[in-house]
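Chain H is already provided as a structure; the job is to place chain L on it using the hints.
Protein chains: 2
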Amino acid sequence: MDTALSGISAPGRLAAEDEDIGAEELALAARNHGLPLEALRYGVTPAGLHYVLVHYDIPAADPGTWRLTVGGRVDRPLSLDLAALRALPAVTRRVTMECAGNGRARLLPRPVSQPWLVEGVGTADWTGVPLRTVLAEAGVRAEAVEAVFTGADHGVERGVEQDYARSLPVAVAAGTEPEVLLAYAMNGGPLPPQHGFPLRLVVPGWYGMAHVKWLRDITLSDVPFEGFQQALAYRYRRDPEDPGEPVTLIAPRALMVPPGFPDFMSRLRVVRAGPVPLEGRAWSGHGPVTRVELSCDGGRTWTDAAVEPGARDGRSSRAWQAWHGVWRAAPGRYVLMARATDATGRTQPLGQAWNRGGFGNNAVQRVPVLCRR
Amino acid sequence: MDTALSGISAPGRLAAEDEDIGAEELALAARNHGLPLEALRYGVTPAGLHYVLVHYDIPAADPGTWRLTVGGRVDRPLSLDLAALRALPAVTRRVTMECAGNGRARLLPRPVSQPWLVEGVGTADWTGVPLRTVLAEAGVRAEAVEAVFTGADHGVERGVEQDYARSLPVAVAAGTEPEVLLAYAMNGGPLPPQHGFPLRLVVPGWYGMAHVKWLRDITLSDVPFEGFQQALAYRYRRDPEDPGEPVTLIAPRALMVPPGFPDFMSRLRVVRAGPVPLEGRAWSGHGPVTRVELSCDGGRTWTDAAVEPGARDGRSSRAWQAWHGVWRAAPGRYVLMARATDATGRTQPLGQAWNRGGFGNNAVQRVPVLCRR
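First to last, the protein sequences are chains H and L. Okay, so the first sequence: first residue is 1 according to the UniProt record's numbering, each after it adds one. Okay, so the second sequence: first residue is 1 according to the UniProt record's numbering, each after it adds one.
Chain H with its partners taken away, still in its complex shape:
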């Protein structure tokens, strides 16, 4: 009797040219969900509207027995309960988080995985202890090069049984720019189960895969971590043999609150002729967004939107920035677009920057609109 994991867990693959979304992608889309784009109106995303991506199952954590262990290349291994973490000085940071796979379902050919369109994003106020506080308490030894973070979520992926685990270089883990958090609260309340209750990592400016949820162990290591989520998944590569580059900081993106009202099925928008306010949010993990351009003719011409300045305080400097503009709409059909550029000069491409895993596709959003009298 064949009970090998390979019987239920297939290698990654690309969809055929004419292959629509299959049952497995649908099952992921029904579990994980994005931000309904009209919720871009909220500076802080309300509970239940922030995007969620859970690799395996949401673990059933018992906050009474839960512990965070810190070990490996440290002078003083730690075992901390929630009370011990809450007793340490806390900070709150407003952070925009985005799934590395956001935009994947728009790629051609489409990597078969969680089929995000553009909505895998959200912003929350995360409260917790700076990771460097806990690392200083443990005493990181000089030979440590990486901190490995392991969650309580357990499953199989491409034939590999695993607890979800990711690493950060020690310089990032113990750094202040960004300040990595051990977060136990989201928007002022305990973490919801799907966001990592009782504790998660928050790595401001990085794509979501770095923000390990249901965090139960930190191990300092003197060699680079070679776990599945670090060495195999979450790399920009052209083909499976390519070692690729690791996925790290969030690429710039602007999203628009779709104007007017939608058709239920097509989600196409209807507006009335006249001045139509356009608004949305823009962000980048590389630095503040310095420019948002709007096009109402499918990318032929562009005008500048007004962009909220990036926050200079540490509290909100990794949060998205509001932008707004006005479109003088006349009857007809249009494709609206918004394009963000950040302080490092990085901007959004009009077409796709394809890679095998479908990561970091920040091609500009296209919002088809019908304008009526």
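I should point out that these hints are in silico values taken from the structure, not numbers from a laboratory. Don't be surprised by glycine CBs; every beta carbon is placed ideally from N, CA and C. Warning: the hint list may mix true and false statements.
[As the list claims (entries may be wrong)] Computed footprint of chain L on chain H; a stretch qualifies when at least three of its residues, placed anywhere within it, have a C-beta under 8 Å from a C-beta of chain L:
| no. | region |
| --- | --- |
| 1 | 10-22 |
| 2 | 25-32 |
| 3 | 50-64 |
| 4 | 93-102 |
| 5 | 111-122 |
| 6 | 298-304 |
Frame of chain H; chain L shown alone:
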């Protein structure tokens, strides 16, 4: 220039036999989301895990200026703000809510709409004013036959521009079994935006389409309501010409917490050989669930699970009931199933009960499992 709504809003249709999920269905699945099945472990679904189905956009409600108007065939038209509603005697009811389209994506041929598999369900504690209290204050006239409930959500559906609106017969609206609520709180807090902030209808035992969200108006009418969501959508029919029967009470269903752990992509489950606890929830809008049967051989043989008795108090009598059993698993591949039967004798079919809109498909859940040593 063609700016007719028909250009963006198509008639309902069935997917072709070999047609996978398309871009429009995916866009709906990315916005609306189901209960991750492991969250069946919670008697009350935590915020953000309860299923959500929003036809158009989530409206931006201002609680300061918001009013509920009550008019039509009444003696005393009302305009109530939130403070006036909160000043009335409140009740809290634990209610299991399920989307009428749950199971649609499993139908063959598949009606093209929100592509639910089995996860369009959740249970919450809803707090608010019994609708009959407000109707009594307004004085429903003898000629009134229906109450029409209109939400603030506006959009187009199959070419018809509309505010979402549904009706109930006066006997149901003013009844006590079930007691219909004007709910302003969910699980002890204000309604989240996606669940109807600031006010929604809750009709215990009915499918979700009856629980009008963002409720802004109640009009008593002396003729049956012929609006889109009442007369065209949400009817059990074989073909578009068939007037069909209205969708009302929830059909019985049992769902299982999938045992063991999953593969990321296939969601297939892995368990170790030995006793495997099985647990889940079961519900019916027609009455308490009296029996849950389990099959671990794809439906050839069935055994009874232990089922929590249906609550007799009004507070929880419309909530799902927990069930549990044990499976003695040996290495191999299996399909687990659970089947609920309610006090009226209604049960779940093994195959599909097809209808054109894809409503009420309560065919038993199938959970493929790999058991390893």
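We went through each hint and held it up to the structure:
Counting residues of the region 10-22 of chain H whose CB lies closer than 8 Å to any CB of chain L gives 5, so the stated coverage by that chain holds, three being the minimum. Closer than 8 Å: that is the beta-carbon criterion, and the region 25-32 of chain H has 8 residues meeting it against chain L, so the requirement of 3 holds. As drawn, the region 50-64 of chain H meets chain L at 8 residues by the rule of a beta-carbon pair under 8 Å; at three or more, the given contact holds. Only when three residues or more bring their CB closer than 8 Å to a CB of chain L does the claim for the region 93-102 of chain H stand; here the count is 0, and the claim is violated.
A stretch counts as covered by a chain when three or more of its residues have a beta carbon under 8 Å from one of that chain; for the region 111-122 of chain H and chain L the count is 6, and the coverage holds. Coverage of the region 298-304 of chain H by chain L is violated. Counting CB-CB distances below 8 Å, 0 residues qualify, and the rule asks for three or more.
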